[in-house]
Structures are given as C-alpha cells and as structure tokens.
Amino acid sequence: MTKPAAVLPVFSLLLAATLWGVIWYPLRLLETAGLGGLWTTLVIYAAALLPGLVPLARRCGELRLQPGALLVLALAAGWCNVAFILAVLEGTVVRVLLLFYLSPIWAVLLAWLLLGERFTRRVVGVFGLALAGALIMLWDPAIGTPWPSGPGDWLAVSSGLAFALSNVMVRRVQRVSVPVKTVVSWLGVLAIAAVWLALTGGFALPHVGTGVWLGALALGAIGIVVMTLSVQYGVTHMPVHRSAVILLFELVAGAVSSSLLTEEVIHTREWLGGGLIILAAYWAARLQARD
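Quick note: the sequence shown uses my numbering, first residue -11, plus one each step.
A hint or two may mislead.
As the list claims (entries may be wrong) - Pairwise CB distance ranges, derived in the manner of DEER restraints:
1) Leu123 <-> Gly197: 41 to 47 Å
2) Ala179 <-> Ala21: 23 to 29 Å
3) Trp142 <-> Ser247: 22 to 28 Å
4) Leu17 <-> Ala192: 17 to 23 Å
5) Gly49 <-> Leu(-4): 25 to 31 Å
6) Ala186 <-> Arg109: 48 to 54 Å
Honestly, the hints are just simulated from the structure, not real lab data. All C-beta atoms in this analysis are idealised placements derived from N, C-alpha and C, irrespective of residue type, glycine included.
Start from the sequences and build out the full structure, keeping to the hints where you can.
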C-alpha cells in the first residue's frame, strides 16, 4: 500500500510544477502594465519574504549550521528565479521551458558529484524517458534546434542549471529546516535582482497604477510562497534525480496554458513529448511511493 508520507512530496512537486508552468501569464500582464521583469521580481519576492522573516527570526541559529552551503543555495536560487522570469518575458513560453528543463541533466551530474547518489537501472530508465520527451518536444524546426539562439534562450539554460544546483543544495542542507532554506532562497533572489538593477541603471521607480503594485504583491505573497514551499518540501524529502523528473510536468502545464492563452500552437511532436514526460513523472512517483 502507498504510504501517505511518501506520496505527499510527489503531490507537492506536481503542484509547484503546475504553478510554475502558468506563472508566465501574470508576469506578462504585469509587464504589459508597465512593471518590468526585474522590478516585478523585487516586488513579488519582497512580498513573499516578509511573512517568512517570522520563522527565520525564531530559527536564525540554523544559519550557522551550514553557512557555505546556504550561501551557494541563495546564489543559485537567486539566479534561477531572476533569469527564469526574464526569460519567459523575453521568449516563447514553450521554448523557454524546454531549455530550462534541460536541468535534469545538470541535476543528475551534480547529485552524482556533490551527493554521491547512485542510480539503478529503473532510475536510468525514468531519466531517459523524461529526457527523450524533452528532446522530442524541443526538436522542431519551427522553434529551432536544441541550442540557445538568443538572450532569452541563454537565460533559460542558465536558469535551469542554477535550478539543478539549488535543488542539490536543498537536498544537501539537511540540518536546516525548510522554512529557513526557503527564506534564504528568497534573499538570494532579491540580492541578484537588486544587483542586476544597479548594473543596468534601472532603479528609477516605475510609474504604474496602484492596482499593478497590489497585483504584484498578491502574486508574491500567495503564489511565490506556495510554489517555493512546495518545491523546497518535495526536494527535501526526495532524491534529486526523482524530483527533477517530476518537476518536468511544468513543461506540460506551460504548453497547455500557452496554447489556451496565446497564439502559440502546440504540435503533435510536442504533445508526444509531453506524454512521455507525464509517464516518466508517474514512474518516478511510483518509485518514490514504494521506498
């Protein structure tokens, strides 16, 4: 019988993947209203951080347990989120997600190098199935070959690499609680976004309506909090190679939402690749539930 404690991380990651797969839409609405990507990042993560300061104040001693690893986590999570937001604002949704989700390759290599995780034949099969699905979706002459072709593509690839590293570090920092790791990640996002704004001279306050600011604050206080906690919880309680595969479900959520909300057309090849990804995610979930 499936254990509830084993299934909960799976559902947590599927929830996070679904929400991350559709967040591009409110981000584009905010940009259309005049709030650029870096300013949006600052506002939504500041809104998410404020309630997170309460558990951090109670557990600030945990910051001294693994400071080096927490710093790497903050920088990796910071670059991952900032680059992802800028990428989905710049490029085609499905293409950005596909390039971002080359991250399982990085996750497997980093988990092997940093965590010493070993891989059985079943794990290799799950990984191969998910990678095949991603490559099938990516290999379309209409959107280009699997090689970055512009700033948005490179942002997506680098975001995926940083995402894999942050997941590995979340898994490695086992002595630190999920709330503290979450707040550290958000601090990293705010730091990267602030430095990026300073380097590009974009610190002038955008002239947008009150409703736009409130919308961004709500997206951060609710959406970002739920998504980040879901990822942190799932990754903390699951081997990196399995969480990386399950999170590929974001590709499917992004493909469906972009086909419904934009003029982007999802072709048969993309649906086939998405089906393989769903199958791989289910297989990974079954392996997790049996452990």
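Requested in this report: Kindly confirm whether 17 to 23 Å is satisfied by the beta carbon distance between leucine 17 and alanine 192.
Outcome: holds (22 Å)
Requested in this report: Return holds or violated for the Cβ distance of alanine 186 and arginine 109 against the range 48 to 54 Å.
Outcome: holds (49 Å)
Report task. Take a look at whether the Cβ-Cβ distance between leucine 123 and glycine 197 falls inside 41 to 47 Å. Result -> holds (43 Å)
Query raised in the report: Given a hinted range of 22 to 28 Å, is it respected by the beta-carbon distance of tryptophan 142 and serine 247?
Result: holds (25 Å)
Requested in this report: Mind checking the hinted window 25 to 31 Å against the Cβ distance between glycine 49 and leucine -4?
Outcome: Check passed, 27 Å falls within 25 to 31 Å.
Query - Beta-carbon spacing of alanine 179 to alanine 21 - inside the hinted bounds 23 to 29 Å or not - result: Given a distance of about 26 Å, which is inside 23 to 29 Å, the answer is holds.
Violation of the numbered hints given earlier is absent; every hint is satisfied by the structure.
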